[in-house]
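Heads up: the protein sequence lines correspond to chains A and B, in order.
Residue numbers for the first sequence follow the numbering used here, so the first one is 1121 and each next one is one higher.
Residue numbers for the second sequence follow the numbering used here, so the first one is 1121 and each next one is one higher.
Do not rely on the hints blindly, as some may be mistaken.
One copy or two, either will do: identical chains are not told apart, so a pair holds if it fits within one copy or between any two.
[Stated by the list, open to error] Each computed DSSO-like pair below joins lysine-lysine, with the alpha-carbon atoms no more than 30 Å apart:
1) Lys1357 <-> Lys1459
2) Lys1550 <-> Lys1478
3) Lys1402 <-> Lys1550
4) Lys1382 <-> Lys1478
5) Lys1402 <-> Lys1449
If you are wondering where the hints come from, they were derived from the structure by calculation, not from laboratory data.
Note that the structure is predicted; figures quoted are calculated from it, not measured.
2 protein chains.
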Amino acid sequence: MIGAGFGGLRASKYLADKDVDVVVIDRQNHHVFQPLLYQVATAVLSPGEIAQPIRRILHSYKNIEVVLGEAVDIDGTNKQVVLGDGVRVNFDYLILAAGARHSYFGHDDWETSAPGLKTLDDAVEIRRRVLLAFEMAERDAYLQDRKRQLNFIVVGGGPTGVELAGAIADIARQALAKDFKAIKTADARVVLFEGSDRILGTFAPELSDSARLQLEDIGVEVRLSSFVTEIEPGRVKVGEDWIDCDVVVWATGVAASSLGRKLGVETDKAGRVFVEPDLSIKPNKDIFVIGDMASIKQADGTPVPGVSPAAMQMGEQTAKNILAEIKGKARKPFEYNDKGTMATIGRSKAIAEVGKFKFRGFIAWLMWLFLHVFFLIGFKNRLAVMTDWFWAYLTRERSARLITGKAEHMQDAIEFMQAARARGTRSKSKTKV
Amino acid sequence: MIGAGFGGLRASKYLADKDVDVVVIDRQNHHVFQPLLYQVATAVLSPGEIAQPIRRILHSYKNIEVVLGEAVDIDGTNKQVVLGDGVRVNFDYLILAAGARHSYFGHDDWETSAPGLKTLDDAVEIRRRVLLAFEMAERDAYLQDRKRQLNFIVVGGGPTGVELAGAIADIARQALAKDFKAIKTADARVVLFEGSDRILGTFAPELSDSARLQLEDIGVEVRLSSFVTEIEPGRVKVGEDWIDCDVVVWATGVAASSLGRKLGVETDKAGRVFVEPDLSIKPNKDIFVIGDMASIKQADGTPVPGVSPAAMQMGEQTAKNILAEIKGKARKPFEYNDKGTMATIGRSKAIAEVGKFKFRGFIAWLMWLFLHVFFLIGFKNRLAVMTDWFWAYLTRERSARLITGKAEHMQDAIEFMQAARARGTRSKSKTKV
Chain A
1121 MIGAGFGGLR ASKYLADKDV DVVVIDRQNH HVFQPLLYQV ATAVLSPGEI
1171 AQPIRRILHS YKNIEVVLGE AVDIDGTNKQ VVLGDGVRVN FDYLILAAGA
1221 RHSYFGHDDW ETSAPGLKTL DDAVEIRRRV LLAFEMAERD AYLQDRKRQL
1271 NFIVVGGGPT GVELAGAIAD IARQALAKDF KAIKTADARV VLFEGSDRIL
1321 GTFAPELSDS ARLQLEDIGV EVRLSSFVTE IEPGRVKVGE DWIDCDVVVW
1371 ATGVAASSLG RKLGVETDKA GRVFVEPDLS IKPNKDIFVI GDMASIKQAD
1421 GTPVPGVSPA AMQMGEQTAK NILAEIKGKA RKPFEYNDKG TMATIGRSKA
1471 IAEVGKFKFR GFIAWLMWLF LHVFFLIGFK NRLAVMTDWF WAYLTRERSA
1521 RLITGKAEHM QDAIEFMQAA RARGTRSKSK TKV
Chain B
1121 MIGAGFGGLR ASKYLADKDV DVVVIDRQNH HVFQPLLYQV ATAVLSPGEI
1171 AQPIRRILHS YKNIEVVLGE AVDIDGTNKQ VVLGDGVRVN FDYLILAAGA
1221 RHSYFGHDDW ETSAPGLKTL DDAVEIRRRV LLAFEMAERD AYLQDRKRQL
1271 NFIVVGGGPT GVELAGAIAD IARQALAKDF KAIKTADARV VLFEGSDRIL
1321 GTFAPELSDS ARLQLEDIGV EVRLSSFVTE IEPGRVKVGE DWIDCDVVVW
1371 ATGVAASSLG RKLGVETDKA GRVFVEPDLS IKPNKDIFVI GDMASIKQAD
1421 GTPVPGVSPA AMQMGEQTAK NILAEIKGKA RKPFEYNDKG TMATIGRSKA
1471 IAEVGKFKFR GFIAWLMWLF LHVFFLIGFK NRLAVMTDWF WAYLTRERSA
1521 RLITGKAEHM QDAIEFMQAA RARGTRSKSK TKV
């Protein structure tokens, strides 16, 4: 098993206490509840609240061993996974569930200026940039009487982009407003760019419209049919126009783990592996590819979406197929069961689509809240997250507003963000300490 | 005001809503409750639980402005603080409270191998190393049938060293024991080296003895009169002997902020500024130096210790003196009021000394617990820490067991820690996934 995301973890749990030995390899020691990453990026939750050590999640199963390591190659002939340091791990069956990152469409150099949001480290880095932007604006306004517009740009109108844009606008208007004195944090501009003609394109068009209106209601500018064509430190080119900005977050494009390309099988442009109906690959039926790494179509011809329920269902089906085959039974093809999708926009704002039913606003937000607490792994995490949310809802405060990172990076960041620097002093009439 | 540690924060709060303008400059955006840093380093608490944004702590005071920035120089002639990017901040009075770090006695190159524990980033780095050491040992034992002794070394038997050594031993024996399958985490060796003939030298000798016994009781080896003379990646030289180790933590020596040396005043070897009885400096009576940066003697000739109560008392006295002088009154000299000290050793283990009274074991630990929750800043933090402690006490689990750090650093770390690497495979009889 490579990867302990939603798919890998579900497969592992299904294989728990069965007559197989399971080795779970992940390059992180923790499983992250990705749907809440944006809340870490916007200082609502702490990293520890949405993550659990993989070892802890699986510790009660005697037949499962967890190995921290990065798989760099698959040796199909010898049935071995090759780790970063050359160590090889044997397998009879391999489940590849290493997930995906954001794709910069060939512009990987944009990542420094416009980080994506896939890991806890990404989330902490985005939090650092967002909070630093406000700090720097306050500093310029107070020490140098220099007021300037704060601009936050989110690229991509999928769930992550929408959630991030909404949460940044929330922070600026609520949590930070009281703490800054020289600037009005609510004046910060949050712009969401989406290439297509509506946001949250996997939802029904009327829900996309509702989401856009809800976003605009909390002050986010939504720009549809807008392509970002260039990114430099401090500015973004949209179509032909350059737009200055303090923070850019990249929330579009999918690039499946590069491990998929090591299998000698055809992949789509995003690196997703074209899998057989049972999620195995043609040249080696003992290797399965699941979750965001797999490209497979539903009965109606539409692709299975890259969402966590799909990954979990794939994990479970694969585990079932392996156990069946060991017992001499036939594998069954994978069928995606769409139980509905939802996206949150901000405080009391969300949309949800379950079969023919569509929800928006407060009721959709409650559904989102309930499901996300319910699926969060670990009782203690659920308790902590609920406390934090309740606290934030009541007080509109954010508890995790830390800017971390080594001191020298901090200085770099300050210098980086102060593109235009002027030396000056100011004096006040009262005694200054 | 430079620095928002215990001293700076106390001074700021005392000056709040008074007829002065206060500018608080800190290179971090948060105040850290340093006495609990070791609990972040050992995965009991999350960074967010022991830190609060400075801006948030002081947000209700209209006359206080918080500036994120690193003070690099003091221009006494023009009465200005110079920030890292050249911006200058005027002052009528300056309170210098930038604290101290650990000193490597001229061997700053040791820091990479043996980090100290002064900031949240230090704590997260130590946590990463400790957890990674166990992960690597498990990996070697499982994938390569290579068992090896895990060695953790703590240098320095002051409160930080004792707390860290005790907490690492606790983790190995309790929290991690169930989660690792190929290694016995309880077999990990934790060695505490102290140069003098007893640990916690500022306490009464019988309490030092008690602390040593309590440490040994939870499995820590205490080596007194032992000097570390050399540190290399993976090993430490004590006296004439080299000792292999997986993690070294540096918890000895004090180096006051280098700002003290920019004042043109005499400093002691540790860079602490010799201050006047009112904590100001001779050449410029409008500059005060407080907390770990100041060197001052008590009435009985002993130095005021570098502890948080002393820093807070200095902060308050300085604020009082400034307000008095503005009103035309005279300054009063600083007098340290020793209310007692305590150090914790582990679960239900601690020592405390209050005047003539001495406490040890469970009762001292309860006192420690109560006081540390009480003085923690922020109601929500207190609640979260109490919940975590109660949880950890009941279940012996640790909630913050995350190894964070960019993926490439993770790989470096893995390679760094696998000093001896061998290639090999192993097979098992059961089906392997």
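If you test the structure against every hint from before, which numbers come out violated? When the structure is compared with the hints, numbers 1, 2, 4 turn out to be violated.
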